[in-house]
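Trainee: Whole structure, please, built from the sequences with the hints as guidance.
Here is what each chain is made of, one letter per residue.
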Amino acid sequence: MTDHTNAPTFAQTPRIKKRNAAEKRFKGYGLTAIAIALTMLVILMGTILTRGVGAYTQTFVTLNVDLLESKLDKAGTRDPEAIAKVTTFGYSPLLKAAMDRVVAEHNIDTGLKSGDMAKILSKSAVSQLRDLVLSDVSQIGTTVKVKFLANSWIDGYLKGRVTRDSIENNKNVSSAQLDFVDALRAVGVVEKKFNPDFIFGADASDQRPEAAGMGVAMAGSFFMMLVVLFLSVPIGVAASIYLEEFAPKNWITDVIEVNISNLAAVPSIVFGILGLAVFINYMHLPQSAPLVGGLVLTLMTLPTIIISTRAALKAVPPSIRDAALGLGASKMQTIFHHVLPLAAPGILTGTIIGLAQALGETAPLLLIGMIGYIATNMPDGVSAGLFDPNSAMPAQIYEWAKRADPAFYERAWGGIIILLVFLISMNLLAIWLRRKFERRW
Amino acid sequence: MCPALGFAELGLYMTPQTLILAVALLGVLGFFMGRRRALSSANHDPRLMHSLPHYYGVFVFLMTLVPAMLILAIWVLAQPMIVSSLASDLVLPQSIPDGSSLGLIMSDVTRMAQALTLAAGQGIVDLATLGAAADATTQMGDILTSVGVAVGSQMTDDMVQSALDMVRLTATGDWAMTVAIGAIALAGFAYSMARMSKSFWARNAVERFILVTLISAAAIAILTTIGIVLSMVFETLRFFSLHDWTDFFFGLEWAPNFRGDSALSILPLLWGTLYISIVALLVATPIGLFSAIYLAEYASKSTRGIAKPLLEVLAGIPTIVYGLFALITFGPFLKDIFGEGGILGVDWMGDARSVATAGIVMGIMLIPFVSSLSDDIINAVPQAMRDGSYGLGATKSETIRQVVLPAALPGIVGAILLAASRAIGETMIVVLGAGAIARFAGNPLEALTTITTRIVSQLTGDGDFNSPETIVAFALGLTLFVLTLGLNIIALYIVRKYREQYE
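The listed protein sequences correspond, in order, to chains U and Y. Note that the working numbering has the first sequence beginning at 37, numbered continuously upward. Note that the working numbering has the second sequence beginning at 312, numbered continuously upward.
Note that these hints are calculated values from the structure, not bench results. Remember, it's a predicted structure, so these values are computed and weren't measured experimentally. Beta carbons are placed, not taken as given, at the ideal position from N, Cα and C, and that holds for glycine. Mixed in with the good hints, there may be bad ones.
No farther apart than 25 angstroms at their CA atoms in a straight line, the calculated lysine-lysine pairs in the BS3-like style are these [as the list claims (entries may be wrong)]:
(1) U:LYS60 - Y:LYS612
(2) U:LYS228 - U:LYS183
(3) Y:LYS619 - U:LYS472
(4) U:LYS63 - Y:LYS707
(5) Y:LYS612 - U:LYS472
(6) Y:LYS707 - U:LYS60
(7) Y:LYS619 - U:LYS63
(8) Y:LYS707 - U:LYS53
(9) Y:LYS707 - U:LYS367
(10) U:LYS149 - U:LYS132
To give an idea of the chain Y side of the interface with chain U (calculated C-beta under 8 angstroms), a few residues [unchecked claim]:
(11) LEU553
(12) ASP555
(13) PHE601
(14) TYR609
(15) LYS612
(16) VAL632
(17) LEU638
(18) LEU716
(19) LEU729
(20) LEU743
(21) PHE785
(22) LEU791
(23) VAL793
(24) GLY797
(25) ILE800
Mentor: Set out below in structure tokens:
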């Protein structure tokens, strides 16, 4: 150490310089790591928003359709049953005629045949028209103004996903049709507008991405969450009260404790296997039913709720219990009248976070048949909501991703936005509750 | 089966819903009657009673409702199984076609029975004459069409008889259920009412009851584990009776073939799983650990207040989102760099799905997992140890590297093991991003498959639960369960052991 005695106190020897540089470097590593993680978050969120926002607008074609009596009601009786016998096939001439009418009205110069012009519409256009006619048969013989969905290629063209180069060898759409769409757009027949049906509507078959919506899957998720809420909260809270307040310290309660902390880390797909084996193969509950999904997610959420409830109970100071017991309350009364109300905000927060986890979970739902199912029917009651086959939001997103069509990818991203809005609001609610009711003793 | 009770009972019983409602009403009535009776036994002076008045009411309510509801639940679950097995005696062996099974036929019979009940309710059919009619099968067909029920297999006379028997048995069972549940509820009501006096320890009885409820709720956690293990062990044993277990554990090939004679070995899948998990940990560990160090040791309070919740957002994003990101954004991005005609001009990557695609995205997902666990552990290292190190002249980074990290090491290892168990069990990212090729490949830019993706692919679609190609999924699931459980137990053990040192 004698070497250093002559050196000025604050002069940086090479060794100290090196050590300080190492210090800076080390701090830099930490900053870089955080920067990388946050960049990833930004990229992820940016991707979701830029890719998904397109799903909320859709291309519509507004046409004046003559509901010709000669095509729909040859007898002229306006008998709804007879009119219902005209299949969707019988309505396509009306659409072709409507296209011809548009071309004539706006003097559009196109070499397309009327059949090819009508092909810019979604495949659901004919059934949309048929439903409209059947809802009120007295419209037959008049001209109605109808807003049809354009098919996904035209929609993709307006959104920049489809270009003339990318469709060179495409059988579904030709550049002549795109020219036609440009002309229609100039006169305001084709428009890109906000599409509420994406949020509230039903899923559609893989031929009609433009008509697919999240609404029914949202209802499926809602009923699943209902099951989770009504099963996991009472069971979870009851189990936690027992384990935290009553359980004697013996090997049985030890086993239960180790079990719960391990169950919380069991991969979610294992719960799916359990659901398939027990609820579907053994108990013969209906496949794809939100009830089964809810039961599986309940088992998955229970450990999370138990762990957070026990933490909330543990945070209530023993003095509260002692005071109640001292005034002559029984142990049960102490817990239910004093401890539980004080722990309620913590329990609520944990429950909301557990529900949010369950809402975003996909893997177990794949095994109990919530994919491959096209969710087209909105459940019309609680029992239908629980027992009828349905999809759920994350399963619906996976289903769209699997269809390997850029138009469906856009809807999958759009669906993620809806899912994230739910998750973020649930988490914000949990944070708000924690802030508002948090007490420190 | 039960000739004494014919079709007359049809409609003379209550559905489970009305039964629940009726018993609940009786229970509510019991609450007020019991409370009143106990009060009047004490001349309406609650001070003379052992417990508060409402405990007496609750006791009657519980005694009326709970035993009846428990039996009802068991009955509702058991009756269809018993009825089906009794009615299946009437199905002749020759009416089960090749490739079908009694179970499939019985599900059709069940559907026919439902249609009959529906049709009888609408007055379309007279069940008593249908059974005796010579053309019962033809009539049955008409009934099915009129109520809009479809049956998969060819109907035979014995199936119609079996369906009729099922309707008859169900009616009998429902009738017996109404009587039995009603009797149990009334018995409970009468028993508890008889005990209503001021000296009855109602609170203790009610609290005992609540305690039993709490214990059974806690037991559900155990039941879930037992359910998981049993459901998988039985199917796994069945799989091993159909398929050689040495091939499963030691074979080198995964090639399911639904015509039979498949090679179903877990090793290639295990390789894919471990490879992808290692890539994920290589991404998550340094980033997560350095983030944790920075947040715990360097960051100001406000930086920490912003950065930590933002990192946790990454953990809150559902895995399907990461999967989609891997499939649609990250995979093609990697392919644009390493694939044919990419930026580097090398052709190393054939498909957007690869080990790197899934592994790196999974690593991003695990960052907050590693960082928040490590953060907790670093914070648990006592300040005195840091102060001692500073006092000896060490810089902050030297203190962290030579004092804090060694002290926190067991906990950090535990955190990484927990992250590894997460990675091994992760499903959606690998289903969408890793591909489906089972092999022992070393190139991280090639597709591989994992245990979880194979579970999904073997169990989705129209699997036949008697073929080894389908139920191999249960063996895979059990292996996965054991693997993750082992990692968790080791990790928790390490974390706990470490925590004891400083508390």
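Trainee: Hint by hint, say whether it matches the structure.
Mentor: Hint by hint, here is what the structure shows:
Between U:LYS60 and Y:LYS612 the CA atoms are separated by roughly 20 angstroms; this keeps the pair inside 25 angstroms, and the hint holds. Among the hinted pairs, U:LYS228 with U:LYS183 is consistent with the structure: their alpha-carbon atoms are about 12 angstroms apart, no more than 25 angstroms. Proposed proximity of Y:LYS619 and U:LYS472 is supported: the alpha carbons are some 20 angstroms apart, at most 25 angstroms. Of the pairs offered as hints, the one joining U:LYS63 and Y:LYS707 holds, with about 9 angstroms between alpha carbons and a cut-off of 25 angstroms not exceeded.
Straight-line distance between C-alpha atoms of Y:LYS612 and U:LYS472 comes to about 21 angstroms, which keeps the hinted pair within the 25 angstroms bound. A hinted pair counts as satisfied when its Cα atoms are at most 25 angstroms apart, and Y:LYS707 with U:LYS60 qualifies at roughly 10 angstroms. For a cut-off of 25 angstroms, the pair hint linking Y:LYS619 to U:LYS63 stands: about 17 angstroms separates their Cα positions. For the hint pairing Y:LYS707 with U:LYS53, the CA-to-CA distance comes to about 14 angstroms; that is within 25 angstroms, so the pair holds.
Our distance criterion of 25 angstroms between C-alpha atoms is broken by Y:LYS707 and U:LYS367, whose separation comes to about 51 angstroms. Note on U:LYS149 and U:LYS132: the hinted pairing holds, with a Cα-Cα distance of about 9 angstroms set against a maximum of 25 angstroms. The interface hint given for Y:LEU553 is broken, as the beta carbon of that residue sits about 16 angstroms from the closest beta carbon of chain U, more than 8 angstroms. Using the Cβ-Cβ criterion of 8 angstroms, the hint placing Y:ASP555 at the interface with chain U is not satisfied: the shortest such distance is roughly 22 angstroms.
Contact between Y:PHE601 and chain U, as hinted, is supported at the beta carbon level, the nearest pair being about 3 angstroms apart and thus within 8 angstroms. The interface hint given for Y:TYR609 is met, as the beta carbon of that residue sits about 6 angstroms from the closest beta carbon of chain U, less than 8 angstroms. Against a cut-off of 8 angstroms between C-beta atoms, the interface hint on Y:LYS612 is violated, since the closest Cβ of chain U lies about 15 angstroms away. Using the Cβ-Cβ criterion of 8 angstroms, the hint placing Y:VAL632 at the interface with chain U is satisfied: the shortest such distance is roughly 5 angstroms.
With a least beta-carbon distance of about 6 angstroms to chain U, the hint placing Y:LEU638 at the interface is held under the 8 angstroms criterion. Taken as an interface hint, Y:LEU716 does not check out: its beta carbon lies about 11 angstroms from the nearest beta carbon of chain U, beyond 8 angstroms. Among the interface hints, the one on Y:LEU729 holds; its C-beta lies about 7 angstroms from the nearest C-beta in chain U, closer than the 8 angstroms criterion. Satisfaction of the interface hint for Y:LEU743 is found here, the shortest Cβ-Cβ separation to chain U being roughly 6 angstroms, below the 8 angstroms cut-off.
At about 7 angstroms, the closest approach between the beta carbon of Y:PHE785 and any beta carbon in chain U falls short of 8 angstroms, and the interface hint on this residue holds. Contact between Y:LEU791 and chain U, as hinted, is supported at the beta carbon level, the nearest pair being about 6 angstroms apart and thus within 8 angstroms. Contact between Y:VAL793 and chain U, as hinted, is not supported at the beta carbon level, the nearest pair being about 10 angstroms apart and thus beyond 8 angstroms. Hint status for Y:GLY797 relative to chain U: violated, with the closest Cβ pair at about 10 angstroms, above 8 angstroms.
With a least beta-carbon distance of about 7 angstroms to chain U, the hint placing Y:ILE800 at the interface is held under the 8 angstroms criterion.
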